[in-house]
Structures are given as structure tokens and as C-alpha cells.
Amino acid sequence: MGGRSVMAGILDIPIIARGKVIMPGENAVQYQGRGGADFRQADPHRHIHDLVLGDTSRLRDLHDTPMAQIIELLVELGQRLALDDNPLLQQSFELALKAGGLAEPILRGVYDALPAMFERDALTALVEKTIGIAYLDGWVSSGGDYDGVSIRAVGTRQLHITAGNVPVVAALTIARAGLTKSDLLIKSPSNDPLTANAIARTLIGLAPDHPLTRHIAVAYWKGGDEYMDSQIIRTSRIDKITAWGGMSSVKHIQKFLTPGIDLTALNPKYSLSLIGRDTFASEAAMDEAAIGIATLAGFYNQTACANTRIVYVESDTDDDSIERVIALGRKMVAAFAKLPPLLSTPFTTPNRELEAEMAAVALEDDFYHVEGDTLTGGFIISKFNDRVEFFDKLANRVVNFVPVDDLTDVLKWCDDTSQTVGIYPESDRARVRDCFALAGVQRLVSLSGGDAMTVYANSHHMPPGSPHDGIEPMRRAVRWVVDMRPAQDEMALQIAAE
Amino acid sequence: MPLAISLTPDNPGSWTYRRFEDLYAIPREEREKLQLEAVRINFARMRNRIPALKKLADRQGVDTIDKLEDVLPVCFDHRVLKNYPIQIIEKRDFAKLTGWLDKLTTHDLTRVDLSGLTTIEQWLARLEAYGMLVTYSSGTTGKLSFVPRSYDELGPWKYHFYSVNRASSGVDAWTTKLPTFFPGYRGGYQTMLKMMSLFNVEMAGGDEHYYTLYDSHIPADLMALSGRLQSAEDRGEVMSLGLDPALLEQRQQMMAQGQNREHDMEVWFGKLIRDFKGQRVKIGGTFSDLYRVAKAGLDKGLVCQFAPGSIVEGGGGMKGYKDAPDDWEAQVQAFFGVARLGNQYGYSECIGNAPLCSHGFFHFLPYTVPLLMDEDGKALPREGVQKGRLVLVDPIPTTYWGGFTSGDEVTMHWEEDCPCGWGGPRAAKTIRRFAESEGGDDKITCAGSQQAYNEFMAFVAGEA
Chain A
1 MGGRSVMAGI
11 LDIPIIARGK
21 VIMPGENAVQ
31 YQGRGGADFR
41 QADPHRHIHD
51 LVLGDTSRLR
61 DLHDTPMAQI
71 IELLVELGQR
81 LALDDNPLLQ
91 QSFELALKAG
101 GLAEPILRGV
111 YDALPAMFER
121 DALTALVEKT
131 IGIAYLDGWV
141 SSGGDYDGVS
151 IRAVGTRQLH
161 ITAGNVPVVA
171 ALTIARAGLT
181 KSDLLIKSPS
191 NDPLTANAIA
201 RTLIGLAPDH
211 PLTRHIAVAY
221 WKGGDEYMDS
231 QIIRTSRIDK
241 ITAWGGMSSV
251 KHIQKFLTPG
261 IDLTALNPKY
271 SLSLIGRDTF
281 ASEAAMDEAA
291 IGIATLAGFY
301 NQTACANTRI
311 VYVESDTDDD
321 SIERVIALGR
331 KMVAAFAKLP
341 PLLSTPFTTP
351 NRELEAEMAA
361 VALEDDFYHV
371 EGDTLTGGFI
381 ISKFNDRVEF
391 FDKLANRVVN
401 FVPVDDLTDV
411 LKWCDDTSQT
421 VGIYPESDRA
431 RVRDCFALAG
441 VQRLVSLSGG
451 DAMTVYANSH
461 HMPPGSPHDG
471 IEPMRRAVRW
481 VVDMRPAQDE
491 MALQIAAE
Chain B
1001 MPLAISLTPD
1011 NPGSWTYRRF
1021 EDLYAIPREE
1031 REKLQLEAVR
1041 INFARMRNRI
1051 PALKKLADRQ
1061 GVDTIDKLED
1071 VLPVCFDHRV
1081 LKNYPIQIIE
1091 KRDFAKLTGW
1101 LDKLTTHDLT
1111 RVDLSGLTTI
1121 EQWLARLEAY
1131 GMLVTYSSGT
1141 TGKLSFVPRS
1151 YDELGPWKYH
1161 FYSVNRASSG
1171 VDAWTTKLPT
1181 FFPGYRGGYQ
1191 TMLKMMSLFN
1201 VEMAGGDEHY
1211 YTLYDSHIPA
1221 DLMALSGRLQ
1231 SAEDRGEVMS
1241 LGLDPALLEQ
1251 RQQMMAQGQN
1261 REHDMEVWFG
1271 KLIRDFKGQR
1281 VKIGGTFSDL
1291 YRVAKAGLDK
1301 GLVCQFAPGS
1311 IVEGGGGMKG
1321 YKDAPDDWEA
1331 QVQAFFGVAR
1341 LGNQYGYSEC
1351 IGNAPLCSHG
1361 FFHFLPYTVP
1371 LLMDEDGKAL
1381 PREGVQKGRL
1391 VLVDPIPTTY
1401 WGGFTSGDEV
1411 TMHWEEDCPC
1421 GWGGPRAAKT
1431 IRRFAESEGG
1441 DDKITCAGSQ
1451 QAYNEFMAFV
1461 AGEA
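Those sequence lines, one after another, are chains A and B.
Residue 124 in my numbering sits at position 124 of the first sequence, with consecutive numbering throughout.
Residue 1137 in my numbering sits at position 137 of the second sequence, with consecutive numbering throughout.
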């Protein structure tokens, strides 16, 4: 059976159901894809039992599989996720390219990074650090006085509502589910209906009968399909839900959430940078800061949560001070042009909405200074202590510079939605770290280095198992079960005597 | 062919004094010649006198208008009327706010006395005393956009308003005063409410004949700050905004009022329906409110028994009402017992809104010049049927620039072949708001004050 429909431009997408590949047949439903192409899939209403696991005893196979064996399989899977050798991934890549979120060299870089996510050392460290392999493979005694008390991390039945803007999410989700010995149902996004599919099908090709393969299901259904949601989101069928995209993806399922279903909502985030006063002490420091800002604002063409969109600058608001901020903005735009294409490229189509916003404030030069555009990047300088009101529309490498008297003034704009904070110079880190952590930010990174790849590496190379958006998803994905054998006689007496 | 009426291009405001029938009857070629000349003269007068326009025209390199399409690059995006920093509202920095507005008008606002002002409402009143007629509207974000109109435009504004209402209802309000019911607020400077005080009350025959659900309105200050207020409340920092406690008290009242709104409206309308049985009346409001009332009545088996010739004049489409049935219009007509539903399309930046004809099209009058542009901002041809972003150029104002790009996607019929008999270019009834974002659902959003604003508005609208 082919992967493409006879109808031009309409993709046939299978439902992946625990090792089975169900192609759209007579009762197929057609869906509107976003940006890419429309697609057809077997009617999910007819395959609910293929998607959910009602009987928890059926998790026993995965439960009894040693972690070493699961890691072994994931490593092999990773080796088959090289874009050049994998036709399924190539199809997903083409579709993502058409959807147009990321330019070709950047998207290729994202896909090329997939195999590395499945390297043995990385996977082992990830599960060992966050949960502990011993806890997943058996009951771990608490030792000493509590020798009779054992703890085990047990797999759960998980629904992941994934976001389509980063293909990495699909790979990450599959790896994490395997490493927690969990049953996984992925609800694909309409703008990337293929990546999770491609990875799951690659796994089926590799080991069709492995318990890991038998606990992965992937399907698309429309957000707000009440029948699907009511059938799937039940305590008898799902233990954990992870929703990427926060409220927008949870909105529909809200009414079906009940105690007993643990929801992790990974909210949309935005990110910012802090530029301390000392930056303006020398031209060299301004250059270094500008490269740092350009890198954090520009990588992945500013489509990621971690991209800087607002830069708060410790500066006065008199004309001379604003001129210095403008100079910093110009250096940033110049640095955009020098970013390696793997990180960032100029845009080919303008962002009309943002350009209209820029044009409107550009007429108001008492309050704003605007340069650049949405093709090669640009900036809006606020000449007073507040961000632009359309800050949530900042994209296409357009950044808002906001002068503040003191970096701690920025705290009032920080909350749970403020993900990554870039800092320059390093000497300011100590005075901002704890107060920003309390305000809600989740990651503090450096703008120093003077070179794009260095800045990028410094802000991205975290050890396996590091927190994500302020939480530890792996620890949260398992059920921590306590087994208490009777205490030894003398201890029982001792407790009774107390 | 002889012309029925004579119009001069250097005073398009005076066109509003003419009958709309005669204006629609002007042959297209004549009309477009007049319009081009009127826009050319108006732009030449304003170009260097309105600082914001001068800045835009300099940047775009536009010095003269030689054909109508030349005006597109110098039309203000609708955002220009709110491109001040929200901070100056929060700090109620009236000097800065006035300085901002000063760049949009030929009036010299540097001489307005700003002493003693503490609220936006007071500021607007002070401006009115000075000769301005500044009104505001608040879009989906809650930020106020201020239309820099003045008393200089009042005459044409009023004549047009009477005329367009006669066109859409068939009733001449200069001679026929109808008691009017409006299920909403009263007073203040929100554009629609200010027009009520300026025109509708007089059309009804005086204050005592104009019935509103509430006898007050949401202060501009609350509209402008509701988003920030909610987030400040969440942080326990409301007092740090330095607002008048009376304003905060009023906010609580508004929210409480909103919770009873549907019930209050039913009771209020119920009494009017009984009291005015057998009389000719006019009913105004948003269609979603009118439908709510109609549905509640019809569900109880009731219909109104007003005298023939009563009119319903609605607006605002059905936003604010989820899942309205396809026949909602028929239901509204059946309940109120009227033969048609009057309707108009326009936006507050432009004086000349367009009445809905008997065949379901909004016809523009000659003193409003519509243009369409594609997504690249290029003019679409003025021929056949075209769909694009609507730009309206209003050549009437003598103290501000009247060219505005809307956020609406409109289908225009340029050939003047409407079976209704009216001339002029016409817009199809279905008008779509361009989405706030053109980036799709996956765009990064930061809920914050937008959500807070929405919650507040849902509350006062009785939808929460």
C-alpha cells in the first residue's frame, strides 16, 4: 500500500495502532492541513479501541522488559532516523518544509539532530538521572530501618497532545515514553501530522513485536471532536495527559478532565534578554552583547519559545542614552546577517501584520524608534520604560528594546510565561538570578562569547534529564508505587510502644 | 447628460446636505471625477498641516494625488489612532496624551487647559469644551483608539447620519420622531454612545423618549485599564495603579450588573413592549442583543404588537452570540413585527457609513471613497466583483486626515447594477475581520492582560 493517495496533493496518513499500520480505506476522513497539504486518515471514531489501553494488565509486557533492552531498541531506532536514509522521515520533512515555519537549512538541522537524541549514553543518563533505572526495573528497598519499604516507578497510560512547530517534540515524546515503560498515545497536530508517524513506523519496521512498539499509537483527530475526547479521556483509559501549547490545546478537553487524570500543560512561553549598564562602557562589550542578542533572537528564525523577543536594557531615556540603544540595535541587525544559515536565515516573505504594527508606531517618534523590516530583521526601541503592546507578535527577527532604570524593574513583566532569560554581562548574573527565579522564569543563559555558535552552544547544551519549563516531566510521567512488607517484630513493638 | 444636482469638490461636507437618492443617482464617471478632485484637494490641504500625515507622506514620497489609488500609501492604518504607549494612560499623563493627539489634528491642542484632570473622561470633556469631538472605540485588546474629530465636522456628520438612517429605515427623522429603545448604556465618549447623545436622542424627540437599559456607561478609564486592573488584582497590586477608589467601586458594580444583564434586559424590554403596544417605535442595539430578546419572547409564545411602520436598526453582527440559527433574522423580524432590519456598515474613523439596501448590499455614498487592496497592499481594480482589505477615504473632515485602512475583508461590487435601484459601489453583507494574527494557531501567545480584558468584557456583557 502506497503512502500517497491518487488524488494529487492529498496525503494518506495511517493510524499507528500498537504495531499495526492502518491506512485510510473506504471510510477515510479528509482533513485540512495547515500550511502544508490536506490529508486523509482512517476514521478515528472507528479505531478507538486500537488507540487506548483499557486493560492495564496489558502493560505487563513492557513492565517486565529490562530497561537495557528498551534503550538498546531506542538506540537502533535512532540509527534509522537519518534523514537521508529514511523515506518516511523525508516525507515528513517535505511536508514541514511546505508548511513553511522554518527555512530549509534550519529544518534540515533540526531533523539531522534526531539520531543524536537516541544515543545510548544520553538515553541512559536521562533515565538514570531523573528516575533511576533500578526503580523502573524492580522494587528498590529503602534500606536500614525501612528495609521493608520498597519503591518502584511504574509506567502509565499517557496521552500526548503535541505541538507542530518543532518536530523534535515527537521524537522526545517517543523516547520519554519508552524510558518510563509507558503506553503512549500521540494526538498529532494538523500542521505536522507525519513526524510521529514516521518515527513510529520506523520502529515497526525495526521490531514489530517488541513491547515498546506494541505500546505506541499515533492518530490525528480534530481538536474539539467531543466524541473522541469523551471516549479517550477517561480514568479507565488514560492516566496522564501532556498538552503542548497550553490552554489552546487543553481548551477542548477541559470538560473531560477529572481527578485521576494528571495534566501537564506545557504553556506557550516567550523569552527575553537583560542588558546591564556596563555593556555601554566599551564598543567591544556592545559588539559582544549584540552578537549574543542576535543569536538568541535569531536561532530557528525566532520560532522557538526560547527566542529572545524583548531586550530590556539598563539605560536612561534621554536622547544620548537612546542613541546608544539604537547603536546596539544596529549592531544586532548587522549580526543577524552574519549568523550561520544552520541557525538563522533572512525571511523570504514579509510578516504583514507585524510590519503594520511597526509602521503604526514608527509614526510616533516621541515614543518609538523603528528600524529594519520582517525580511532581514529589525528593532523597535521604546523611548520610555515599557514594552510595545504587540510584543506577543514579535517575530521574523524583530526585537523590542526597552530601557529600564534597573534590571530588577523587569521582574514586573516576568511570570510563568517567561521561559529563557539571556544575560549580559556575566557580572550581572549574581544580582538577578534568584529574584528572576522567584518571579517565574525557568532558564538563565548567557549572551557572552562573541560568536554565534558559542552563544548557541552555551544556551543549549544541558545535561540529559535537565528540567523542562520548570518541571521534571520524566519523574511526573511514572506512578511511584510503595510496597510495604511487615516490619520485623522488634521494630513493630518499638513503634507500638511510642 | 444634465446633472440633477451640483456639487463642489472643495467642500464634500456640503454633499451630505443632499438627498441620498440624488447622490446615488450621480453617474459613476461624474462621481469618480468629483471624488478624485475632493480627495486631491483634501490631501493637499492636510498633507503638511497634520504632523502624523506629513511624516507618513514624506516617508512614502507622496506629494499629490493624481489618481484615486495614489492615496493608498498615505492612508493611516487603523492602529495609528492608538499608537500611543499604554503607559501614558496608566499614568494618566494628559500632557503626553494631548501631545500625541495634537499630531493628528489641525487644531492647536497645546493651548488646552489640562489643569486638574484626573480621568480620561474628564480629559475628553475638556477637549470637547475646547472644540474637539473626540470619541473612542476599544477593539479586541481594550486599548482605546481616539478619533480626532472636532465640532468643525459636526454638521456634515449629523446630516449624513440622518440621511443614512432614512436610507436604511425609510423613516425621515427630521420630521418623524419615534420613541427609541436601546438595550445598552447611555452617555460618555464611546463613539456609538456619543452619537446617541448627539443625534439619536434628538431623533427620538428628546431625552424622555429615548429609553436605555442603563442610565450610565462604562467609563473610558475602566475600558482602557481593565486588562491591567485584572492582572494587578491577581498580584494584589491594584492600589499601586493609583486609581480613584470610586472607579474601582464602579468596576465592581459594572461586573455585578453584567451578571444580571440578560434578566434585566428581558424585564426592561418586557415593560416597554407592554407600554408601547399599538405605538410606532424604533428599536436599536446589537443584533445579538436583539436576538436574545426575540428568542426569549418567542420561546414564551410572545410577539410585540407595535404599530406598523416601527423600525429595528441593528448593528454589530452576531458576535457575542454563539451558534445563532440560520433564521435568526426572520426570528427578530417576527418577534418585533417589522418588515425589515435596518443595518449599516462603516467604522468610526469615517463619517460616511453605508446603509443596507433591500437586496442586502451596503452602498457607499459619494462622500466616502472605498478602495480595496490585496495582501501586499496593492490596489485591486475598481471593476467587477473584488475581495480584499477595505480602505475608506473620507474627504469631509477639515481638521484631521480621513484616509483609513480597515481590518476588514470586504467583497465589493463596482458595477452599479444593484436591483435595489441605488447607485454607488456596494459591499456584500458578509464582512470578515482579518484575524488578529496571520500566523495561525501555533503562534506564541502570552495570555496576560488580553485574557483579563476579555474576561472583564465577558462579565459586563453578561456572557460569563
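Fair warning: there could be bad hints in the mix.
[Claimed, not checked] The list that follows gives simulated cross-link-like pairs (lysine-lysine, BS3-like), each with its CA atoms no further than 30 Å apart: (1) B/Lys1091 <-> A/Lys98; (2) A/Lys412 <-> B/Lys1091; (3) A/Lys331 <-> B/Lys1091; (4) A/Lys251 <-> B/Lys1091; (5) A/Lys412 <-> B/Lys1055.
[Claimed, not checked] From chain B, some residues computed to sit far from chain A (all C-beta separations above 12 Å): (6) Leu1007; (7) Asn1011; (8) Ala1025; (9) Glu1037; (10) Pro1051; (11) Leu1053; (12) Gln1087; (13) Gly1099; (14) Val1201; (15) Gly1227; (16) Ser1240; (17) Asp1264; (18) Thr1405; (19) Trp1414.
It should be emphasised that the hints constitute simulated quantities derived from the structure, not laboratory data.
Note that beta-carbon positions come from the ideal geometry of N, C-alpha and C, so glycine has one too.
Of the hints stated earlier, which fail here? Failing hints, ascending: 1, 3, 4, 5, 10, 11, 12, 13, 15, 16, 18.
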